[in-house]
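Chains as they are written, first to last, in the working numbering: chain A, 766 to 1260; chain B, 4 to 330; chain C, 159 to 490.
Treat the hints with care, as some may be off.
Capping the alpha-carbon separation at 27 Å, the derived lysine-lysine pairs in DSSO-like fashion look like this [said to hold, decoys possible]:
| no. | chain 1 | residue 1 | chain 2 | residue 2 |
| --- | --- | --- | --- | --- |
| 1 | B | K88 | B | K141 |
| 2 | A | K883 | A | K910 |
| 3 | B | K209 | A | K1069 |
| 4 | B | K118 | C | K354 |
| 5 | B | K209 | A | K1128 |
Have a look at the derived ranges for each label pair, beta carbon to beta carbon [as the list claims (entries may be wrong)]:
| no. | chain 1 | residue 1 | chain 2 | residue 2 | range |
| --- | --- | --- | --- | --- | --- |
| 6 | A | G1124 | B | I143 | 51 to 57 Å |
| 7 | C | R340 | A | T839 | 25 to 31 Å |
| 8 | A | S937 | C | I269 | 45 to 51 Å |
| 9 | B | T38 | C | I269 | 44 to 50 Å |
| 10 | A | S937 | C | T341 | 35 to 41 Å |
| 11 | C | I197 | B | S244 | 32 to 38 Å |
| 12 | A | P1153 | B | S244 | 40 to 46 Å |
| 13 | B | I180 | C | L174 | 51 to 57 Å |
| 14 | A | T970 | C | V175 | 54 to 60 Å |
Hints in this document: simulated from the structure, not taken from any laboratory.
From the three backbone atoms N, C-alpha and C, an ideal C-beta is built for every residue, glycine too.
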Amino acid sequence: MSTPLLELKNISKSYSSVRVLNNINFSVVPGEVRALVGENGAGKSTTVKIIAGVEQPDSGGEIYYNGELIHKMTVKHSLELGVSVIYQDLSLFPNLSVAENIVKGSEKKFFVGLNTYKKQASAVLESLGVDIDTSLLLSELSIGKQQLVAIARAMYSEAKLIIMDEPTSTLSSTEVELLFDVIARLKESGVCIIYISHKLDEIFTVADSITVLRDGEHIETGAIDTFDQEKLIKLMVGRELRFVPFHGTDIGGSGTTFSVNNFTLEPYFRNISFDVREREVFGITGLVGAGRSELAQSIFGIRKASSGEIFLGGEKISISHTNDAIQAGVCYLPEDRRTQGLLMGQTVTRNTTSANLRGVSNKASLISGQKEKKVVEEYIERLAIKLPSIESHIERLSGGNQQKVLISRWLNAGPRVLIVDEPTTGVDVGTKQEIHRLLRELANNGVFIVLISSDLLEVLAVSDRVLVMRNGNAADLVETKSASQESIMEKSLLG
Amino acid sequence: MPRLNKKIENLGLILLFVVLFIFFAFSSKHFASLTNIMSLFAQMVELGFLTLGMAVSMLSGGMDLSIGALGSLGTVLLAVFIGQKGWPLLPAILLVFLLMLLAGLLNGFLVAYLKIQSMLATLGTQSLFTGIGLVISKGITVRVPEESMRIFGRHLVFGVIPFQILLFIPVVIAVGIYISRSISGRQIYLVGCNEEAARFTGINVKRTLMKVYLLSAAMAFFAALVFSSRISSGRADVLNSKVLETVTAAVFGGVSTLGGVGTIGGAVLGVAIITIVSNGLDMMNVSQFLQQVIVGSLLLITLALRNLKGKTSPFVALRNKVCRRIQ
Amino acid sequence: MTKLIKYKKREMILVLVLLLASFIIYSISPQFVSSVNIINVFNNNALLGIMSLGMMMVIVTGNIDVSVGASFAVCNMVVAAYANNTGGKNPFVAVLIGMLVGAALGAVNGIFVTLLRIPAIVVTLGTMNIFRGILYFITEGRWIEGLTGPFLGFANRRVLNIPFAVYMWIAVIVITYILLYRTRLGRNVLASGGNKEAARRAGIEPNASTLTAFIYLGILTGLAASLSASKLGIAQPSNGLGYEMTLIAAAVIGGTLFSGGTASIFGTFLGMLLLGIIDNGLVLARVPLYWQDLVTGLIIILAVASSAFQSFSKVRSRRKTIKIEGDPACQD
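With these hints in hand, go ahead and build the complete structure from the sequences.
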């Protein structure tokens, strides 16, 4: 066994109060292709960022490179060591030429020889077997071609360790073949590759070994032949049932529904229809990029769907702005809490009442401090929100309590439909349970609940039926009572 | 807690005002005279109106840099209509008010609908408004001989209280209530804090921004009214240099340059302090230019201290801002 | 040819607008097309033209500098004072001093922007007043006149009937081109303007790019201020008032986007020329001076609006093509 090229020892990482990585240990050797797998939020991206020096691990963790302890991994240092990352968002420069994108970060000389760059870049692209004019601007290329440029860039830097984060998500099948060829060649020349993908068939084609992460923990590492698809899926989703199920009873009672008909917005999703029945929690799941959030945001009036209708209790409602949605009683708890939900720097009170200011105003249409206080205190009690004071700034609360404040915001708006998008990411387990119970309680009280989540356990535990989306299409509609994590995962991966 | 903090901060500003007042009273014997105090308040009014508009635009996450030029344009319009053309006072004033609201509408349109960064849009309209003023006034100072115009800037009620103070106080109260208590006022804060999150909570961001720039135009109008009356004339760039002072006053009073944080009361206190400093320095015969340096340094130092303390967490706010612009 | 139209669309349109404007002015006042007048237009706008390239650089990094007029006045006075004291013996040293002072002022702006993370427009609004205030305080508003020696008028000296200042403008265009397109420094400025996060991930420090751009603008401001002192033989503390808007306008008309990352040297040159021609046309057509602000203001707003509109749609399409993962840590 040769010395490991890279070794991670006890790597942990926390963002404010949320721990996203917990004591990660694994190592890779030159010439190895290691697949790094796990569900969304398992900690793959954070691991990559730590190796690349973009993020610093919490103290106590150690990174060894070629057997040497690296005291502080910075981006520069990591590049010098020969680590190259192909990020999922590509991290390229849309305003620069293809040639420059390929050489950027590896240039040695002060003066730039654009023609030399062009030649060198063309040579790399040629060895990749693709034909791209290197003088084009990157933004003129299709996203698939941009992906190839990102790969060419890693090759150009003569990296010893290349990390590929979902490199095939935008590639055509011939391009994928091409990539696999390249990987084989790199491997032969002793380059180590860490390969992150959701696509299991690819992993079994290309990888030598697999490391599975789950909820920021290292679960298992082993040679490829010690795994099969079934085992891998099981390891990814975990065996134990972590949530108490909250399934509905008397679903469909009076027969009123919230219906979405033929919603389409290219390129995100097309022809999506579903009905939410009374007393039902309706789940929507799928991988990142399946179009779930875009669908929800179109219903809520953030994006404009190119076609589709919404019916609430048999009446057609039209929504062109979020304000219309709220007037009609359609509310949306966004996935991206930090930029779309929380009003940072504002008090808990203001965060709670923002969606229904009229409700806390007096007859003269002036906001009444007393009314506001009463409303907020009511929700703090009802949702057991822990906070220093209702005048605290929202950022001082923990993730779970922030989320509860955002839920209060919608409860205060008097929702008839509540769409919650990944309501329990970055939230501790206890609060997750509370949120699940609350969603069920609301459903029982006649609010139509749509739960968007990629946490399959959550979907199975809370929702009654679940719509599986894949690449913007409705892949399947499943009764959760008769479904398993594995079957849903299979549907969202393979269709 | 933060509310308490804010109270303490405002209390601190009041205290600072008192200390400065005592300091200047001892350094110059004219300072504490009734005439000077009244003229101090009177001076406050023009800067005060402009700062109200600036503060509101800053709360909404922008900065209306055209407010000085718009005020100047207002003085020109008033001078031309009343002084040159001899129109009756009331309709002339009303017409000017409407024209200035129209200018505010233009600012709002550029910022809210064309999504141009507020500061750039208003930097552009600043040239435009000054240009219009120059064309209308043919580049010269236009006199207003009209006696009745005197009331807004040169009339003493009961022989002591400058009229403009009686005009200023109700406007401050109205704007204060509008910003702190009304629904639209609250929405201005939330838009200033994070446009995207504001949209996700059902706020019509465009309409809110339109209101902001209309309001700042209205404030520019009041400043123009008082100023043109006080100096009995109008000139196309007469208030342009006040912009920095308004920003400084607002920042000094606790209004964040990143939006969503600050109060009208704080901004007015900021105005009071800036005015007393410049009045006191005038009394001490400190040159106008050194005062300019002091005001500019005050702005940067206040901001630097605030940012270093991480009070408004500039990083988070900045990032939100970037995200917001990308939408 | 198709490539030219595709990549230089904005520039091609500008050339057309320039020709159209020239034609209109010519039809009103035929003396517009005379070698004397044309050289005049170039000569009158050379200094602003030099500075506009620095402004373009600052805008590329996603920042802006409104203190540039005040910096100009400071450099102008310092250079004039030096030339006055030494009898204008050493124009070369005078220019060097101007550029050093400019670089220092630019560095002040750059440091405030990067270290304190205050928006550039607020920082430069403050420094604008500080620079000019100090200048007025020290000079008490007095002019420096009667410059003599070789310093006086070297910027006006003509070779092949073209003034030195115009040669300098051309030189700065070439230098800016080399800096921006042929050095790693310049490429890093462009890269961090285009995608800050990607730059950081490629080991480029975006703050260094920002600082570089502010200092470069400072150096060019110093150069222009020295040339101005030489041309006019006098310097006054009120010089440079309102330059910032003209410079921003030139860069923006030329196709520089406020979102950063896009620069056009040729476009900025054309933008400056357009503003110069219109000014010249107004003079030739005997339009009163006070119309100029209105016309320039209108052009600026149109340019800003179209630039903002462009960067707006550009960011949008960029969003569409590059999907961002739902990892909460990488989304904000």
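Here's how the hints hold up against the structure:
1. B/K88 to B/K141: Roughly 15 Å separates the two Cα atoms, so the pair holds.
2. A/K883 to A/K910: 17 Å, holds
3. B/K209 to A/K1069: Distance of about 17 Å is within 27 Å: holds.
4. B/K118 to C/K354: 21 Å, holds
5. B/K209 to A/K1128: With a Cα-Cα distance of about 26 Å, the restraint between B/K209 and A/K1128 holds, given a limit of 27 Å.
6. A/G1124 to B/I143: 51 to 57 Å: 56 Å, holds
7. C/R340 to A/T839: 25 to 31 Å: 28 Å, holds
8. A/S937 to C/I269: 45 to 51 Å: About 49 Å separates the Cβ atoms of A/S937 and C/I269, which means 45 to 51 Å holds.
9. B/T38 to C/I269: 44 to 50 Å: The hinted range 44 to 50 Å holds for B/T38 and C/I269, with Cβ atoms some 45 Å apart.
10. A/S937 to C/T341: 35 to 41 Å: Given about 38 Å between the Cβ atoms, the range holds.
11. C/I197 to B/S244: 32 to 38 Å: Since C/I197 and B/S244 have Cβ atoms about 36 Å apart, the given range 32 to 38 Å holds.
12. A/P1153 to B/S244: 40 to 46 Å: At 44 Å between Cβs, range holds.
13. B/I180 to C/L174: 51 to 57 Å: 54 Å, holds
14. A/T970 to C/V175: 54 to 60 Å: 57 Å, holds
Violated hints are absent here; each numbered hint is respected by the structure.
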